[in-house]
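Engineer: Quick note: the sequence shown, position 134, residue 1206 per our numbering, numbers continuous.
Just so you know, these hints were derived from the structure itself, not from any lab.
Don't take each hint at face value.
[What the hints assert, rightly or not] What follows is a list of derived Cβ distance ranges for each label pair:
(1) Pro1306 <-> Glu1130: 20 to 28 Å
(2) Gly1352 <-> Arg1122: 19 to 27 Å
(3) Gly1352 <-> His1300: 19 to 27 Å
(4) Leu1293 <-> Gln1151: 18 to 26 Å
(5) Glu1160 <-> Gly1352: 31 to 39 Å
Heads up, the beta-carbon is just placed ideally off N, CA and C, and yes, glycines get one too.
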Amino acid sequence: MTATRYLRKGLRDSCLGAETAVPDVFRLAGESGFEGVELTLPATGRFSLRATQAERQELRRLAADGPPIFSLNAGLPWQFSASSLDAESRAEGQALVRCSIDLASDLDVDTLLYIPGVVTDDQPFTQIWDAARTATEALLPAAEDAGVTLAVENVWNALILSPRDMLEFVDGFASPFLRVYFDVGNVMQFGRPQHWIEALGAERIARVHVKDFTLRPGGWLGFTQLLHGDVDWPVVMQTLRRVGYSGWITPEVSPSTAAPEAWVTELSTAMDTIIGYYDG
């Protein structure tokens, strides 16, 4: 018998902007039909990756009363990369990933968005690729012990630029706890998302982010709001269905200047249209 395939509509907190308080993220998500919340927590402060026991209890309450937390960010890779060539930054980066693993386990969250390395002018590709593998080797045992998946996202970090790169990196560890957080819009500048999906297969894809991208000049780096760009959503969603992907699908888009209630409703409606291409 063929297993039932389904998608669950998640909301990433950053879609609402940093000024939206964490309790309001859960409230707005629930009121607008989202089934879960993805949190991008800071290093310190209220509701951080180093959350106190009282804050953890509050997060548990928010998740119990409203939509559950289905994912967190693993550390703060753009600020403190776990594979930085700077020893101090690398140590903080790895410490924050470990904090994320511990927090996820404590909150019954089974997946972390993981960016293993960032290439810059003074952090060259060859060294960062090797350093990212070394960092992942150091961090993966903690994730495995906690039962938490590190899901590598295809972001604009100049490190993983093709499906082949992702396959080489993820498959090199042969661990069910190192998978992929596939972002549809992030590949549009240099590829097509359906080709990534076909290459990776459902067995590797742990989560899916959606954003839209215009291939025409203009806009912020080509990214645009959902259904306003050049992503072929019917093809992308049918490819996800064909390879057998089931699970969370989540917008990762810029906040709107509209009131949060109006914006999250618009975002939810766009997501319903996109998910409809999977079901149709």
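Engineer: Decide, hint by hint, whether the structure agrees.
Structural biologist: Hints versus structure:
1. The hinted window of 20 to 28 Å between Pro1306 and Glu1130 is violated, with their beta carbons roughly 41 Å apart.
2. Between Gly1352 and Arg1122 the beta carbon distance is about 44 Å. The supplied range of 19 to 27 Å is therefore violated.
3. Distance hint check: the CB atoms of Gly1352 and His1300 are about 20 Å apart, consistent with the given range 19 to 27 Å.
4. For Leu1293 and Gln1151, the hinted distance range of 18 to 26 Å is satisfied, since their beta carbons lie about 20 Å from each other.
5. Between Glu1160 and Gly1352 the beta carbons are some 51 Å apart, a value that contradicts the proposed interval 31 to 39 Å.
Hint violations for this structure: numbers 1, 2 and 5, all remaining hints satisfied.
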